[in-house]
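*Asks:* Residue strings, one per chain:
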Amino acid sequence: MDVIMKISKIVLSSLLLLIWIQPGIAQSIVFKQFTLKNGLRVILSEDHAAPTYSVAVTYNVGSRDERDGQTGFAHLFEHMMFQGSENVGKGEHMIIVENNGGEANGNTTNDRTAYFETLPSNQIDLGLYIEADRMRSLAINQANLDNQRKTVQEERRERYDNQPYGKTFEAVIDLAYDNFAYKHSTIGSMKDLDKASVKDAADFFRTYYAPNNAVLTMVGDFKTDEVLAKIQKYFEDIPKQTPPPVPNMTEPKQSAERRKTIEDPLADADEVDIVYKIPAGNTPDWYALSVAGLILSQGTSSRFYQELVKDKRIVQGVSADAEERRGPSLFWINATLNPDKDPKEVEKLIYADLERLKKEPVSDIELEKVRMLVRRSGVEQLESTQGRASNLGESTVFYNDPNLVNTWPEKYLAVTKAKIQEVAKKYFVVSNRTVVTTVPKAAPEPAARGGK
Amino acid sequence: MRIRTRLQLVISLLLVTGSLVSAQQQLGPEQPSTPRNQVELKNKAPVSKDILKVKLPRATEATLSNGLTVLIIEDHRLPLISIQYSIGASGPIFEPANMVGLARITAQMMTEGTKTRSSLKISEEVERLGAALSVSSSYGSTVSLLTASGLSDNFDKWFDLANDVLLNPTFPASELDRRKQQLSVALRQQRTSAEFLMSERFSRAVYGDHPASNVTTNQGTVDALTPAILAKWHDDRYAPQNTILGIAGDVKPTELVPKLERLLAGWKRTDLKEALPPNPKPSTVRKIYLVDRPDSVQTSIVMGNIAIDRRDPDYFIMVALNQVLGGGGAGRLFKNLREEKGYTYGAYSSFSARKFPGPWNASAEVRTEVTDGALTEFIKELQRMRDQLVSEQELDDAKRAIVASFALSLENPDDLVNYALTRKIYDLPEDYWDAYPAKLMAVTAADIQRVARKYIDPQTMQVIAVGDGSKIRSVLEKYGSVERYDIQGKKLTN
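Protein chains in written order, with my numbering: chain S, 1 to 452; chain F, 453 to 946.
The set of hints was computed from the structure by calculation and includes no laboratory data.
These numbers were taken from a predicted model, which means no experiment stands behind them.
Glycine residues also receive a C-beta, built at the ideal position from the N, C-alpha and C atoms.
Each hint can be trusted.
In silico DSBU-like pairs for lysine-lysine, Cα to Cα no more than 35 Å straight-line:
1) F:Lys501 - S:Lys230
2) S:Lys312 - F:Lys609
3) F:Lys923 - S:Lys191
4) F:Lys507 - S:Lys233
5) S:Lys411 - F:Lys704
6) S:Lys348 - S:Lys183
7) F:Lys573 - S:Lys312
8) S:Lys223 - F:Lys496
9) S:Lys199 - F:Lys494
10) S:Lys191 - F:Lys793
11) S:Lys441 - F:Lys923
12) F:Lys943 - S:Lys441
13) S:Lys199 - F:Lys793
14) F:Lys494 - S:Lys195
15) S:Lys348 - F:Lys573
16) S:Lys191 - F:Lys832
17) S:Lys240 - F:Lys496
18) F:Lys632 - S:Lys260
Over the 10 Å line for every Cβ pair with chain F, so calculated as not near, a few chain S residues:
19) Asp174
20) Lys183
21) Arg206
22) Gln232
23) Pro252
24) Glu257
25) Tyr351
26) Glu422
27) Ala442
Assemble the whole structure, with the sequences as input and the hints as a guide.
*Replies:* Okay, here's the thing in structure tokens:
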């Protein structure tokens, strides 16, 4: 056993101490880190507040690892992970967890794929065993692949193709990004999903679902020593593999504004999506942009809500947000218009607000609101074991920094008024912008439609 | 790490978790021409056979001198507090027939101004305190809800603000005017959603004339509303003797209750009692409703009929029945329509049991071409609940799933206070939640069959399909007489 033991030091800035300290209440997530012989990273955090635990296995693979012609594969594969393995039957994973009072799920993003179980704490072995069994011996065959392909295609129809504005997201990323990694959606295209073969699936499993490409995190009511021994028992003999290729995430600098208008037969009102390319998550610029997004659109006292929704009554709803990606991210502004309003006018008002961020420092009150939100979110992340297991796994896979679960609030609080002006000037420029307008498709005359 | 405020593209495998297969199906012969796609249980994973015994903490209960009931779950694990006023007799169930939406719009407008605070001041104060505050009233509900939450060290401030909104709303004309414009747009916008169209038609079909049949306001009501009408609804309907205040988190009940007496002294008891309309009746003839949404690529299907209320002795049996049929990823519907047939991303059942009887329902969104196949499978699974006893294994697993999941609710004090609220709202026995596991474990396969035969009847249920009428109309006609609607909710006659 090759266990690297590192007890994480919890560092809080003096500012945080000032507002966070509360006698008798642990405000941080204490965890221990280990690495098994096969390269599987393990992070364990005891919390005996409730008789429950959550385990998350986060694999370092997402849709960014897909190549042209194989879009949707990471997510399709996630579905395959519930189709059985050597000692767990097809579909048994979900059933056995649910029948023992637990919850299980998996999800896929651009940047990672994660699997979770939350169970009563007398079922520690169960969660570990079923995760280990599929990491070791997933059943990849034509019947399972065909069946899950259909399920994923229904998921695509339900969430995208049958929804108003369902195709806008793909239009925006396709136009904004040049690098294929983020240019395509995680759900993928029907055509590529149809092409996925059993061999593709087997190769994908061997390359990406290796123990040395994953992080196992566990939070809840257990004893660290005992649980570590169980993890070794179930996982340590799963063979390691050659590390997968690291995707090239370089995004060429954009030189001119990009614009597009798309028609949507299911929509009733115009929608405007404006995105700016910004740096990866967990960087000083990204935190400043995230704060800018909160000031623009978080809550009903925010700038956008007060101005665009209430005073001008030009939009039904509006949001502004710095997406968090491991690679080049997007600052995404989305506005759904009121009937008979001009998208050009909405754009003009939004750009004026962005100019204001460049020219004037934000107010003390606005920063205070952000600080309180950060403070509250910092406490709330301690509520559920699954949220903590998930955050620990993601911080480790994204940034190799599990302790980010404790330090992210400081990083938000370090953002100054001057920094917000600086990033606004740097990123909210015309040549860095992509604008997609979605308009309802004009309905044919009722008579023509009736004949269909 | 980030503050999670926006839409992040996370694609989940499932919306909920989920059931089990009968032995028959697992052992069925494998046909060489079609790939074997049966759920299979190997039963090799290590499972502790004990169900973790969980005793839900009882809430501290008090009644204030104005008649308000208070339930408190004290929990000092985190410096957080959440509160919920459940205001009986003020929900949409009690609205006049020509004022559908009044209860909900009144609730939503309460945060738009009080005697001492403007709309902007309220939202700014809430956000500066790092708190959350909202008032809502759902269609089909007997109550309105004011919920607020925040940190415990500034609890006095945000609780004061919440009480101001509860007791002193002014419904300013300018704010109502804005809201009316928003509502007019929303009335149009919601008709683009297949999910909305499905729920609108389903509620009409099962509830008939009962006020729970409403799921939206209408332009006529929006136009007619005035600040005086909202203020009158608030004055008449928000009464302490019909209200329960649930509080969970970092509070000390011994200090809080005297404080509540002081803070809420101005809220006076009235004579208002909750008087329910006559109960909805189950339909006796199967009817098919088609909502024609021409550009749909899927058919959204839901079926069901009126069954039981929350106090019905069959409630426990219905819980177990639903778990077997379609309570989650382990349910028969999910297993059949998703895992075996690949018709859908998910197929589930659920039921609504409140102070008056509500419907059971089963639903899925399926691709247009398999509308026929999906309906056949739904009917087959519903009929099977009536015709065959569920297996011992299936029944045990379903009961175990429900009882064992109580442990998970201990992670969140809000869940615990909700158990207490449910007991109080439906006037259930003092030891209701202590006795719950034993009562559920006592449900038999014969009980389930009896209740299925009583309520789950494919011959009398109402079936709604939202989809492309040009492709599915003739399919639906195979299942009964079809009544057609356009997306505006207008009945089609040709």
